[in-house]
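Asker: Take a look at the letters that make up each chain.
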Amino acid sequence: MVSLAEDVAIVAFEQTPSHAHFNDSEPAMIMPCVNSVIEQVGMDRHDIDFTIAGSCDYLSGMPFAFVMNIDAVGAWPPVYESHVEMDGAWALFEGFVRLQSGDIDTVLVSGSGKCSPGSYREGFSLQTDPYVHAPIGLDPRTQAGFQAQALIAAGKATERDFAEVVARSHANAKDNPYAQLSGDLSVEELLAEPYLQQPLRRLDCPPTSDGAAAMIIARADKARELCDNPVWIRAIDHRIDSHHPTLRDLTDSPSVRIAADRVGLHDGPVDIAELTVTYSPEEIILRDALGLNGETTVNPSGGPLTGSPFMAVCLTRVIELARAIRNGDGGRGVAHASSGPALQQNLLCVLEGDS
Amino acid sequence: MAPRPCAVLGVGQTKYKRRRDDVTLDGLVREAALRALEDAGATFDDIDAIVIGKAPDALEGVMMPLLSLCDALGAIGKPIHRVHTAGSVGASTAISAVNLVESGMYDTVLTIAYEKQSEGNATWALSGGKSGGQGAGGTFAPWIRNYIARSQAPEHIGWMVAVKDRLNALKNPYAHLHLPDISIEKVRESPMLWDPLHFLESCPSSDGAAAVVLGNDDIAKKSGRPPAWVISHAKRTEFGQFPGRDTVRPQAGVECSEALYRKAGITNPREQIDCAELYVPFSWYEPMWLEGHLIAEEGEGWKMTDAGDTELGGSFPVNMSGGVLSSNPIGASGMIRCLEAANQVRGTAGEYQVPGAKISIGHAYGGAAQYYAMWMVSSELNPVF
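Chains as they are written, first to last, in our numbering: chain F, 1 to 355; chain E, 1 to 385.
These are computed hints drawn from the structure, not numbers from a lab.
Even for Gly, the Cβ is constructed at its ideal location relative to N, Cα and C.
Do not take every clue at face value.
To be verified - For each label pair, taking beta carbons as the anchor points, the in silico distance ranges come out as:
{"id": "1", "chain 1": "E", "residue 1": "GLY265", "chain 2": "F", "residue 2": "GLY328", "range": "47 to 53 angstroms"}
{"id": "2", "chain 1": "F", "residue 1": "TRP76", "chain 2": "E", "residue 2": "SER315", "range": "34 to 40 angstroms"}
{"id": "3", "chain 1": "F", "residue 1": "ASP103", "chain 2": "E", "residue 2": "PRO173", "range": "45 to 51 angstroms"}
{"id": "4", "chain 1": "E", "residue 1": "ASP22", "chain 2": "F", "residue 2": "VAL132", "range": "16 to 22 angstroms"}
{"id": "5", "chain 1": "E", "residue 1": "VAL23", "chain 2": "F", "residue 2": "TYR195", "range": "36 to 42 angstroms"}
Please take these sequences and the hints and turn them into a complete structure.
Answerer: Take a look at the structure:
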């Protein structure tokens, strides 16, 4: 495990509901989240030392779309600020790294995305290699189908296992006011649904969602000053696997295994895991690569299968875990973020309650 | 704890040109990365993390391209992080990579920025995805006219910058434009694009990539290569439009340089900094940034240009490499400024070396002149001013 120069905690967090369609601009989704986290800690926004956001121009269908998002944060007088073309979870990574230098105290992190205006499959096929994959439309859902099929072929999972992930996720989401989908579904009725992308059915795939999330993280002394119940970020790391599905064992995630080792995942109990399960078969791969056993509650929020606003969805995993820890549902857990087709890039963040 | 000291240990650039049809995006970034590793005496095995930057994904039509470029960058099994802060991104990316080293979490970091403008339509993308848009020159020209009105600068200042940077570029084998017969007359007679900017006062559209290997103090001491210590860095952002905004001398630019100088202990930038690589995509931005970044008093920047102070051999050389006016792979342009500033203090700038340069700055700006990123490099870890 990497030794850290500074202890860092989450002191405030907020998220929007996962909207099927948010009928206003992206800054209008972000602003209430930002206002809320600032209010939670009673800070003036000008006292935030560093701000970093994650979003994706392509979701908005406009180059430089992220520039509009600073309207939601405030940039006058000028601010110390940056942006990653990644989910907000990677903005959190950079904010956490920045605090390790010890010369600033607070970072405002956000993530936001609106998937509803565009076509997910057309848009996200542009995420694949532009010379070989994108021209044949090898979009992420197709690759998720390959991954699911590979799991079945390897004898590691069945379609029933996928349906069980879906049923449990939707049932868990019943208690989550931010979830877009929830309810009691039986495995039998799920298996009776037609294929969307064999062997995946509609609910093995995420809904189309719009949403935003924000949090404030702080160095230890400042964190204690700002709130009574900080949630500590014990470690954070991310790793990537090859882009080419033929160069990988699609039934495993080496990058998750490396990250798990780097964050010292099993140096303590893993009570809760909030995982970016965008397609139901991914949960099976992630449980295995993370070495989770029956003692870990997986996706008590329902996870991305019940609401998946890309670019905010991974930061939301961290928030859901922080909320669960604050609520006393567990003392220590892991949030997982993923980007790219077939779980290509993965981030792990270990959180622990204040003790 | 204090930030871990961070140094530039190696740099790599591709040849910049209109079209790099000979390589894919993967080939382009790998070319720069391998050169930076070679310069640092390192291999991909030595790299703990990669930070990649470029301007909008729509320039090449590849969404979140780190995903498809990670194989070519030796990133498998490692962190690869993507920065996007409009035109300032090349410098922002370098700074994010410095943060990784300063954090103590990663010892050696490879950072890379690129653009392959020939694979898309830059003016369309720079107009926010609107066809027939005004592009960057159309945005900046009114502010340049405002600068000229405020400072009473004579019109030949822009032509002088255009000539000076192209003459510098003749000494830089990587530069896109090599125009040996450039002259004031040629600039003045070239077509007017956005009044007062003539064609030859504008940057080219380039393909290219730039890479830097950064390491902490232990790695730097072991490397045996001349280091450029990153002794300060700063970023500032402001809104692009609001009533009363000073678009000629934006406050974010002023505060960015104030923060940069304060951290380094600089009290008199004009005297204490030996040379600068400033982001000058249109000629007039040289005097505008000399003032906007507190190197010259307000209204005095153009006089430095006019007196030849900013020439190679002048008292405050600017854009010794030829600058953005000679090579503009957009997303990489800021990193090239940072890298060329490092070349100067490492003494590795070849024919465009400023003799004895010890302190230099690399700078980039972006959006509606609203994003700023700057770093200061030094031949010594703790320079005394």
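Asker: Compare the structure with each hint and give your call.
Answerer: Structure-based check of all given hints:
1. In this structure, GLY265(E) and GLY328(F) meet the distance hint of 47 to 53 angstroms, their C-beta atoms being roughly 49 angstroms apart.
2. Remark: the range hint 34 to 40 angstroms for TRP76(F) to SER315(E) is upheld by a beta-carbon distance near 36 angstroms.
3. Separation of ASP103(F) from PRO173(E) is about 39 angstroms and departs from the stated range, judged on CB atoms against 45 to 51 angstroms.
4. Checked against the hint of 16 to 22 angstroms, the C-beta distance between ASP22(E) and VAL132(F) comes to roughly 18 angstroms, which is consistent with it.
5. Range check, VAL23(E) to TYR195(F): about 41 angstroms between beta-carbon atoms, so the 36 to 42 angstroms window is met.
Taken one by one, the earlier hints fail for this structure only at number 3.
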